[in-house]
Amino acid sequence: MITCTFQREDGMIKSLVVSGHSGYDEIGKDIVCASVSSLTIAAVNGLIEYVKLDFYYKVNEDGFLEFRIPEIYDEKQFIRAKAILETLYLGLKSIENEYKSFVNVVG
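In the working numbering, the protein residues as written are 1 to 107.
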């Protein structure tokens, strides 16, 4: 099972850890894994390229992903980051709703 663990502070998503394997299908054919990976990598890319946020992130080839969001003092950056992070959360919750035995979203 893939576990996506969000941490929030004052309503803002501050970190995410994604770990595990869905087991939905074999590696290279697993649509659940591909969906989770696509959403999380797109969010990281958006935070880097669109928001211009400098933050800690780590991605391993084994499916592990982690990021931590620092304090954001610029209002425009804050609004953009919040939109990306909440969209990521909603997307992962949608996958969880369709594939409950393969994905667990916490937080």
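Be aware that one or more of the hints could be misleading.
[To be verified] Across the chosen pairs, the derived CB separations fall in these ranges: (1) Met12 x Lys100: 39 to 45 Å; (2) His21 x Glu71: 30 to 36 Å; (3) Glu75 x Ser101: 19 to 25 Å; (4) Lys29 x Glu75: 19 to 25 Å; (5) Met1 x Ile41: 36 to 42 Å; (6) Tyr56 x Ile31: 25 to 31 Å; (7) Phe55 x Gly11: 15 to 21 Å; (8) Tyr73 x Ile31: 21 to 27 Å; (9) Lys100 x Lys52: 26 to 32 Å; (10) Lys82 x Asp25: 32 to 38 Å.
[To be verified] Straight-line Cα separation of at most 25 Å, PhoX-like style, residue types lysine-lysine; simulated pairs: (11) Lys29 x Lys82; (12) Lys82 x Lys93; (13) Lys58 x Lys14; (14) Lys52 x Lys82; (15) Lys29 x Lys76; (16) Lys93 x Lys29; (17) Lys14 x Lys76; (18) Lys52 x Lys14; (19) Lys93 x Lys58; (20) Lys14 x Lys82; (21) Lys14 x Lys29; (22) Lys100 x Lys76; (23) Lys52 x Lys29.
Derived by calculation from the structure, the hints in this document are not laboratory data. Because the structure is a prediction, the values reported are computed rather than measured. Note that beta-carbon positions come from the ideal geometry of N, C-alpha and C, so glycine has one too.
Now the hints, each set against the structure:
no. : hint                       : in the structure
1   : Met12 x Lys100: 39 to 45 Å : violated (27 Å)
2   : His21 x Glu71: 30 to 36 Å  : holds (33 Å)
3   : Glu75 x Ser101: 19 to 25 Å : violated (41 Å)
4   : Lys29 x Glu75: 19 to 25 Å  : violated (44 Å)
5   : Met1 x Ile41: 36 to 42 Å   : violated (20 Å)
6   : Tyr56 x Ile31: 25 to 31 Å  : holds (29 Å)
7   : Phe55 x Gly11: 15 to 21 Å  : holds (18 Å)
8   : Tyr73 x Ile31: 21 to 27 Å  : violated (39 Å)
9   : Lys100 x Lys52: 26 to 32 Å : violated (36 Å)
10  : Lys82 x Asp25: 32 to 38 Å  : holds (34 Å)
11  : Lys29 x Lys82              : violated (32 Å)
12  : Lys82 x Lys93              : holds (16 Å)
13  : Lys58 x Lys14              : holds (15 Å)
14  : Lys52 x Lys82              : holds (13 Å)
15  : Lys29 x Lys76              : violated (39 Å)
16  : Lys93 x Lys29              : holds (21 Å)
17  : Lys14 x Lys76              : holds (17 Å)
18  : Lys52 x Lys14              : holds (16 Å)
19  : Lys93 x Lys58              : holds (22 Å)
20  : Lys14 x Lys82              : holds (10 Å)
21  : Lys14 x Lys29              : violated (31 Å)
22  : Lys100 x Lys76             : violated (35 Å)
23  : Lys52 x Lys29              : violated (33 Å)
Checked against the numbered hints listed earlier, the structure breaks hints 1, 3, 4, 5, 8, 9, 11, 15, 21, 22, 23; every other hint is satisfied.
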